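Given the sequences, and given the hints that come with them, work out the whole structure.
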Amino acid sequence: MAENGRDNIILIEDLYYSRGQKRIFNGLDIAFQRGKITAVMGPSGTGKTTLLRLITGQLVPERGRILIDGQDITALQRNELYELRKRFGMLFQNGALLTDLSVFENVAFPLREHTKLPERLIKHIVLTKLHAVGLRGAAELVPSELSGGMARRVALARAMVMDPDILIYDEPFTGLDPISLGVVLRLIKRLNDSLGITSIVVSHDVEETSSIADESYLISEGQVVASGTPSELKTHGNAVVQQFLSGMADGPVPFHYPGRDYKDQLLDRD
Amino acid sequence: MNRLIQDLWYAFRNFLETFGAMQLFLLRILAYSPKTLLTRFRLIAHEIYAIGAMSLVIILICGLFVGMVLGLQGYDTLAQFGAEEGLGTAVALSLLKELGPVLTALLFAGRAGTALAAEIGLMRATDQLSAMELMAVDPIRRVVVPHFLGGVISLPLLTAIFNMVALFGAYIIGVSLMGVDSGAFWSQMRPYVEVADVMEGVVKSIVFGVAVSVLAVFEGYNAYPTAEGVSRATTRTVVISAIVVLILDFMITAILI
Ligand SMILES: Nc1ncnc2c1ncn2[C@@H]1O[C@H](COP(=O)(O)OP(=O)(O)O)[C@@H](O)[C@H]1O
Ligand SMILES: [Mg+2]
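Taken in order, these protein sequences are the chains called B and U. First residue of the first sequence? That's 1 in my numbering, and the numbers climb one at a time after it. First residue of the second sequence? That's 1001 in my numbering, and the numbers climb one at a time after it.
It is possible that part of the hints are untrue.
As the list claims (entries may be wrong) - Below, in silico cross-link-like pairs of lysine-lysine (BS3-like), each with a Cα-Cα straight-line distance of 27 Å or less: (1) B/189 to B/48; (2) B/48 to B/86; (3) B/116 to U/1035; (4) B/86 to U/1035; (5) B/189 to B/86; (6) B/36 to B/234.
If you're looking for bench data, these hints aren't it; they were derived computationally from the structure. No experiment lies behind these values; they were computed from the predicted model shown.
Right, here's the structure in full:
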């Protein structure tokens, strides 16, 4: 499996996908290494969330292959896909906790649905996972009583409860205060290091993501424009990469949405 | 003119597509229903409780007033023929066969149907349904089917309650206010109200329950995942339910009469 020293757990080849008229991926190639933290960065609306939904089989690509441990998920039956998904844990952008269940029941949900474990064991597992994210004391709260950072940590505990080998994070840092952000950042790193979980972090927060990633991909206009370690990206020659990393308003990615000539429009000339 | 025909054609095709999709959705729900009934009855009981708690007050109030109106109107008409004794029978028949199932279904669509659509639509908009799929839990089986069955079971029960309260309303007006003989009010029903009349109402309320419930869960499940999408789903649920209930009512009546 290891070619030139890499051990890829997920391999995406020549991926094409469109939403209606809009082409989102245009021959995308990405490889995720086993046990590493890989960052996928790109401007909002490039299709980062869409990519995650393709990897987890919620969407089906028009063309291309998505191999997970050599198995092409686009060719799987529905029940095979559901079986495969038990290997994944995913942290959604806003947590996606089930609003009618308590924090405890949210974390217990996958266990109750997939196992017949005795109540005592469920309690033990759930409290262990909640303890790991620092929220054992919040077990009896309901999602509406949680702050954004807490909700995301509960969602993380839930994502871990079936002991997945791949954890996927969609924008884990967006909208968090600096303290919660630090907490989530350290949690991702610690889970990856201590449990050997493969982590995929999708984000547009360059600083935070770069600080924990082993490898980063930058996608734009449906393709990978740059990849490498965070420090390799910093010195990358591509102008799009530099604009994105340094956060300049205008550059190869234009500040202005395409439109008519400004002066013409003001003077109402056609 | 050409444009109009084209728009109408698109609207019609759109309608057929949605209608077809909804039927497939219903088939899928029905396929999962027996197993859910047997193994996940607690989820369904929870929904019945929630729907009942939501709808009971509105059903009681509306039932009472509908019954009192029927009492007044019925007495007024029957008195012209000197047939006031028949008030109980007249009210009972119109409630059982027609007004009970239809009015309850319309109230149910407005109260419980919209709530079902909004609840599931919000789960869609906040990624709860996707999160379930990713936890390898089928949201159709876990969320949609129990909500649907909760609705289907609740509506006939609510209809029965509506009928009883309405009959009581008519009794208050007819017997207490207008002086119809209490014994005659009840005893005349026995020869005239037949099992077939009761069955007509039961069939209607079951069919309406299936129709309104599937509409509500379909709209919620397929809501566009934004706040606006959810609000549109709830509005469509009431509007389409009202139309569908009245059309189905006509069809069932035509078949059974
Ligand atoms: N359910 C949907 N229906 C139609 N278009 C969508 C849907 N979800 C996302 N899109 C479009 O796909 C593009 C990529 O979206 P997304 O993957 O969410 O981007 P990102 O996560 O990188 O911000 C966006 O332009 C968005 O408008
Ligand atoms: Mg996104």
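Against the structure, the hints come out as follows:
1. B/189 to B/48: 21 Å, holds
2. B/48 to B/86: Distance ~22 Å between residue 48 of chain B and residue 86 of chain B Cα, so the pair holds.
3. B/116 to U/1035: 18 Å, holds
4. B/86 to U/1035: Holds, at about 23 Å.
5. B/189 to B/86: 22 Å, holds
6. B/36 to B/234: 20 Å, holds
When the structure is compared with the earlier hints, no violation turns up for any of them.
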